[in-house]
Amino acid sequence: MLEGQFRNPSGCAISGVIDRSGRRMSGECMIRSISTMHDRSNGLGGGFAGYGIYPEYKDYYAFHLFYDGAASKKETEDFIGSHFDVAFQSAISTRKTAGVTDAPVIFRYFVLPDSRKLETRKLDEEEYVVRAVNKINTEIKGAYVFSCGKNMGIFKGVGFPEDIGRFYRLDEYEGYAWTCHGRYPTNTPGWWGGAHPFGLLDYSVVHNGEISSYDANRRWIEMYGYKCNLQTDTEVITYIVDFLLRKKKLTLGEVAKVIAASFWTTIDSKPEEDREQEILLRKMFPSLLINGPFSIIFGYTGGLMALNDRLKLRSMVVAERGERAYIASEECAIRAIEPELDYVRAPRGGEPVIFELNGGVK
Amino acid sequence: MKIEANNLDYRALNEIVRSSQDREVEITGCLGQRYLGAGLSGKHIYIEGTPGNALAAYLDGCEIEVHGNAQDAVGDTMNAGRVCIFGNAGDAVGYAMRGGKIFIRGDAGYRVGIHMKAYKEHRPVIVVGGVVGSFLGEYQAGGVIVVLDLNRDPMGIVGNFCGTGMHGGEMYLRCEEVSHPLPAQVKAERVERLEDEEILHIIKEYAAAFSLPVKEILSSPFLKLTPNTDNPYKQLYTNN
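These protein sequences, in sequence, are chains G and V. Residue numbers are given in our numbering: position 83 of the first sequence equals residue 83, and the series is strictly consecutive. Add 362 to the 1-based position in the second sequence for our numbering, that's all there is to it.
In case anyone wonders, no lab produced these hints; they're calculated from the structure. Hints should not be assumed to be uniformly reliable.
Claimed, not checked - Covered, in the sense of this in silico footprint (three residues per stretch, anywhere, with C-beta under 8 Å from a C-beta of chain V), are these stretches of chain G:
#	region
1	34-41
2	333-342
Claimed, not checked - Cross-link-like lysine-lysine pairs, in silico, DSSO-like; alpha carbons within 27 Å at most:
#	chain 1	residue 1	chain 2	residue 2
3	G	LYS58	G	LYS74
4	G	LYS122	G	LYS227
5	V	LYS549	G	LYS270
6	G	LYS58	G	LYS73
7	V	LYS586	G	LYS270
8	G	LYS58	G	LYS135
Note that beta-carbon positions come from the ideal geometry of N, C-alpha and C, so glycine has one too.
Kindly produce the complete structure, drawing on both the sequences and the hints.
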């Protein structure tokens, strides 16, 4: 039976780690962490995001692409060649792994926008990249850019997350922060592009939940040029965060108050300054309130943010040990890689928890 | 019987526990295995580590001790027995619990004791030593919930929406007042000195389980929450 023809009870697992001193860890730790939550996934999607993994090309946008064949690859490479300077390109090396089948062709390109084109388009560099990625994903059939940030990369596919991690040889990559996701898709088909994390530039989102406000959020964000064509709620969360952070220049704390806004009755009982700020944010972005159960880890250059929906309908804990900070759906996923913790706690619904590199975001 | 749980799958671990002839079962290195003790009776299970979700679900008379933190859904629909957690517990502790006792030394998460119910001699009990999240005792229909806030946590003893839809049972919060407003279906009454025999007995048993000074616990006033019969739950959503 195909996915979508039967009901899946919702699950999903997320995990993340950051070393705030900037020391890099191999992706192996995330594989071990997520594998303790094996039963939260059903083998229809797994993925990872690593930050600081491409120091030798840190100033280039690292494009990761899925192709369904030679034709889409040729068409995409023509497009990339005419819009970007490509410093290096190669297939992403993978390992034959039991449990991972039907893999597409997977390529990586380190690129910078073509300087003349950038000049004539009068766009800032990031917007140029976003539009190019959008164009490939919507107009070139069989090609899909699933990662496009600097000095970071997303690795994902259909399978259990621990198998996907081994498939991509993540033990051979080192990053100062990692996130990962085990999928238990409920409403949409499990396919390679639909696995988490979702990324845009250096932003990545892993998400456990089911957003009931999806269509309201989608309609609103599409007015600003985003195209939600994957039917998944994680895609819309990624665009909302990108819109609020990159375009509206909100802080992460303010973003949390928009997407996981308190109830009006709760706002009423807050001190005046908080009350005014929360009322303002709710009034400015009423359609970006994300309703329904979710727990997310938002990754960006230099940091991770954990956030639960305002009713806390999904589990999530955070912990620290020295310079390392951890976020996971279940405590066992943290204990698996760090048995001794300084503390572990469950943040309240709507309470953002932010861990950043010492000295802030570089 | 001693079981080193390290890399055992939850099915394998539960099968070993269930099929053991011993009354005493000791599990060490527990790491996320779900459903431990589910539906079991007649055993004393000692757990070191982090047991997975739905620990003691449908428990029917075991004594379970956890040296570490428990995750979500401890004692879901539990029927009888006693669970002592020496660390914290996650969300939805004692969901729809029907009997037995859950004692937590530290904090518990959201939705503690929701849909808890009592029937004849079955009267479920949850005692939390620290603080709890929102929706404590939501739709509580019976039984007793006690929250002690032993460390006077600045987070506050309970979160939002405590006792929403409560229509039976009682809650005892060891505090003068709660920081978040209580719903209209809940009546709060300040108890200067606890005298109710049943509650005193519960707190003494709790203190003994964790070697805590019972006198000190009882020296503070409590807030007793019960359903407000003047403003009953049936009118929360519809007038019927």
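Here is how each hint holds up against the structure:
no., hint, result
1, 34-41, "holds (count 3)"
2, 333-342, "holds (count 3)"
3, G:LYS58 x G:LYS74, "holds, 26 Å"
4, G:LYS122 x G:LYS227, "holds, 22 Å"
5, V:LYS549 x G:LYS270, "holds, 23 Å"
6, G:LYS58 x G:LYS73, "holds, 24 Å"
7, V:LYS586 x G:LYS270, "holds, 25 Å"
8, G:LYS58 x G:LYS135, "holds, 24 Å"
Of the numbered hints listed earlier, not one is contradicted by the structure.
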